[in-house]
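From first to last, the protein sequence lines are chains A and B. For the first sequence, position 212 matches number 212 in full-length UniProt numbering, and the numbering has no gaps at all. For the second sequence, position 261 matches number 261 in full-length UniProt numbering, and the numbering has no gaps at all.
Don't take every hint at face value.
[What the hints assert, rightly or not] Have a look at the derived ranges for each label pair, beta carbon to beta carbon:
#	chain 1	residue 1	chain 2	residue 2	range
1	B	G286	A	G177	32 to 42 Å
2	A	G177	B	V209	48 to 58 Å
3	A	A31	B	R87	31 to 41 Å
4	A	L189	B	A42	16 to 26 Å
5	A	P212	B	V209	54 to 64 Å
6	B	A30	A	G154	36 to 46 Å
7	A	P323	B	G286	52 to 62 Å
8	B	D190	A	P152	38 to 48 Å
9	A	A331	B	A317	30 to 40 Å
10	B	R83	A	L189	48 to 58 Å
11	B	T220	A	T151	26 to 36 Å
[To be verified] The list that follows gives simulated cross-link-like pairs (lysine-lysine, DSS-like), each with its CA atoms no further than 27 Å apart:
#	chain 1	residue 1	chain 2	residue 2
12	B	K27	A	K133
13	A	K27	B	K133
14	B	K312	B	K133
15	A	K133	A	K312
Calculated from the structure, these hints are not laboratory results. Model, not experiment: these values are computed from the prediction. By construction, the Cβ of each residue, glycine as well, lies at the ideal position given by its N, Cα and C atoms.
Protein chains: 2
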Amino acid sequence: MTTLMEVAQRAGVTPATVSNVLRQRGKVGAATRERVLEAVAALDYRPHLTARALAEGSTPTLALMVSSIANPFYPEFALAAERAARRSGRFLIVCNTNEDPVMLRAYLDQIAGTLSEGMLVMNAKVDFEVLRKTQARGTPVVLCLWERPETPPGIPCIAVDFAAAGALAAHHLLELGHRRIGAILAGGLDGVQAPRYEGFCATLKLENVAHPDSEVRFTTDSVQGGYQAAVQLLDEHPDLTAIFATNDLPALGAMHAAADRGLRIPEDISVIGITDIQLARESRPGLSTVAVPTEAAATLAVELLEALIDGKAGGNAPMQIAPVPVLVVRASTGPARRKKRRRQTAERSRGKR
Amino acid sequence: MTTLMEVAQRAGVTPATVSNVLRQRGKVGAATRERVLEAVAALDYRPHLTARALAEGSTPTLALMVSSIANPFYPEFALAAERAARRSGRFLIVCNTNEDPVMLRAYLDQIAGTLSEGMLVMNAKVDFEVLRKTQARGTPVVLCLWERPETPPGIPCIAVDFAAAGALAAHHLLELGHRRIGAILAGGLDGVQAPRYEGFCATLKLENVAHPDSEVRFTTDSVQGGYQAAVQLLDEHPDLTAIFATNDLPALGAMHAAADRGLRIPEDISVIGITDIQLARESRPGLSTVAVPTEAAATLAVELLEALIDGKAGGNAPMQIAPVPVLVVRASTGPARRKKRRRQTAERSRGKR
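Please put together the full structure from these sequences, using the hints given.
Here it is in structure tokens:
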């Protein structure tokens, strides 16, 4: 992308002059003006809003609190939120709370209302009292990716129907003939990913497919966590034909665990996750997953926060619902093993005739 | 980790009371004091510096400018820098410049000296004039991961001998018998990754191994970029037995490209990268790479920045050199193809006797 600086260099003027020409302010001679506009045209420069804010010396900032910057989902969300914030000329700063409520509180106390006009908070281990205090001091807060649209949290938020995501994953595996499905839940039954597991379980129940407690493992939201959980599941239940994980990172770990014991994916075991992070697309085999509307949710979150800042959001604690999650089928899921073997046997006997 | 809040809840007091007891300040009754200390002991609570800063209402902050938050190396560096910053009770905020010099300048103008006492800058496309202006306004700046220790940039920095990293990668491949090695350079010959490629080329030259210009591809620092570059290299030079990439992301892309055309890694083609991001450890096969001292460099950067803030850094533009990069051999590199075939043939003929 062409920058103001490059235009200035080409035209042989200062960036301030370029800015003056573009905004029709200040005194700029006709010849200089022409040189600048020529450079703008030659370089196809499009002044963006942040350049304008920069020139005006005021740069309103939003802050995004993430619980773990090392989890690749958060940078992806941050990037989308930043894109949305820049549309209105705002900057985004990212604060990593390392899943520590004290850190979250400290960031909110220090940054809200001083550097940042508004706070986007990812809701892992959030203390609602702290958020309410921030609001009470006059700084709007938006909870991003609230996981239970059916029960609004009483704080402005963007909700994602994560139970539907779990249900979609379960449905996909059932359609492929899987009846013995292990589950990996990142966090616990009271954690932010629990609704995904609830949606998965409800779908299995509807279809009368058993899912005993012994076939779920609780772990951390990481590749390593998923790996260890899958090792246990595959050790104790070798008849499983599929593994559902509540997030892509543990799903990728489950794939590695299966590969390390020589199981073929998806011939011997299918694996599915939730989120559709970049890694899901780039792994081999590609990970089937249920895509969360990251881009749309980030945009909605920024728009809601900006509406709150401008006093234009309706209601006390508006909740907006992001588009529904969507199943993305890649190479990590296929027909259940038993069925496949039967078919192969049938083919072999046909071949003999 | 136990938090102040949890201690307070267990003791039935406010967090402020817990803080007062721990810091022996304020008036706290003996019975309350005992309850708090009991809770501290029971929960094994260790007050950290940030909690102390929080209690004192002053939270000094450092800012880290990264050029691409979506590149997983940066969050890893940010996490290490944050850990270092917290040791002295400071917070770290992360700003993503999206490789846009205008954004970097805007962040520096807005954040330096207001919210942040000092700035850590990752040096992709950095305009040194802008950094000098920030310094001139009284806010220390540290350039992280300066890639040419032999030519200090004139701005406080942490240098990493990236040419040595490239040399180590080349040496490893040469030792395995590779003589036909393709290269993928993320960025151009004038980019921040160029010294890695220079180190690689110098080592090949020393060993009289040819590396014509037709066997290097320039691409973006991404899995996708590496994929496309590797497809071209493998199409045009099917006799290559190894690929060196100047970073792990394009190296992972090269592995995918090889896998997608049915080449076995490392039997048919070896792949090596530089950095040792988490993905390198978690891919299958694991990626051989040259590990950059991320943790040490981040710690040095924060320490240098803090010394500058405290007026304790020696010299005008101190440069500290991080520990040397280290070769990490995983499953993606092995003996060169031709050698292997010869050996296999020999084994086969032995078998016939």
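Now for the hints, and whether the structure bears them out:
1. B:G286 with A:G177: 32 to 42 Å: holds (33 Å)
2. A:G177 with B:V209: 48 to 58 Å: holds (54 Å)
3. A:A31 with B:R87: 31 to 41 Å: Given about 57 Å between the Cβ atoms, the range is violated.
4. A:L189 with B:A42: 16 to 26 Å: holds (25 Å)
5. A:P212 with B:V209: 54 to 64 Å: Taking Cβ atoms as reference, P212 of chain A and V209 of chain B lie about 60 Å apart, which means the hint holds.
6. B:A30 with A:G154: 36 to 46 Å: Holds - the Cβ-Cβ distance for A30 of chain B and G154 of chain A, about 39 Å, lies within 36 to 46 Å.
7. A:P323 with B:G286: 52 to 62 Å: violated (37 Å)
8. B:D190 with A:P152: 38 to 48 Å: violated (53 Å)
9. A:A331 with B:A317: 30 to 40 Å: violated (52 Å)
10. B:R83 with A:L189: 48 to 58 Å: For R83 of chain B and L189 of chain A the Cβ distance comes to about 31 Å; the hint is violated.
11. B:T220 with A:T151: 26 to 36 Å: violated (43 Å)
12. B:K27 with A:K133: holds (25 Å)
13. A:K27 with B:K133: holds (26 Å)
14. B:K312 with B:K133: holds (21 Å)
15. A:K133 with A:K312: holds (21 Å)
The earlier numbered hints that this structure contradicts are 3, 7, 8, 9, 10, 11.
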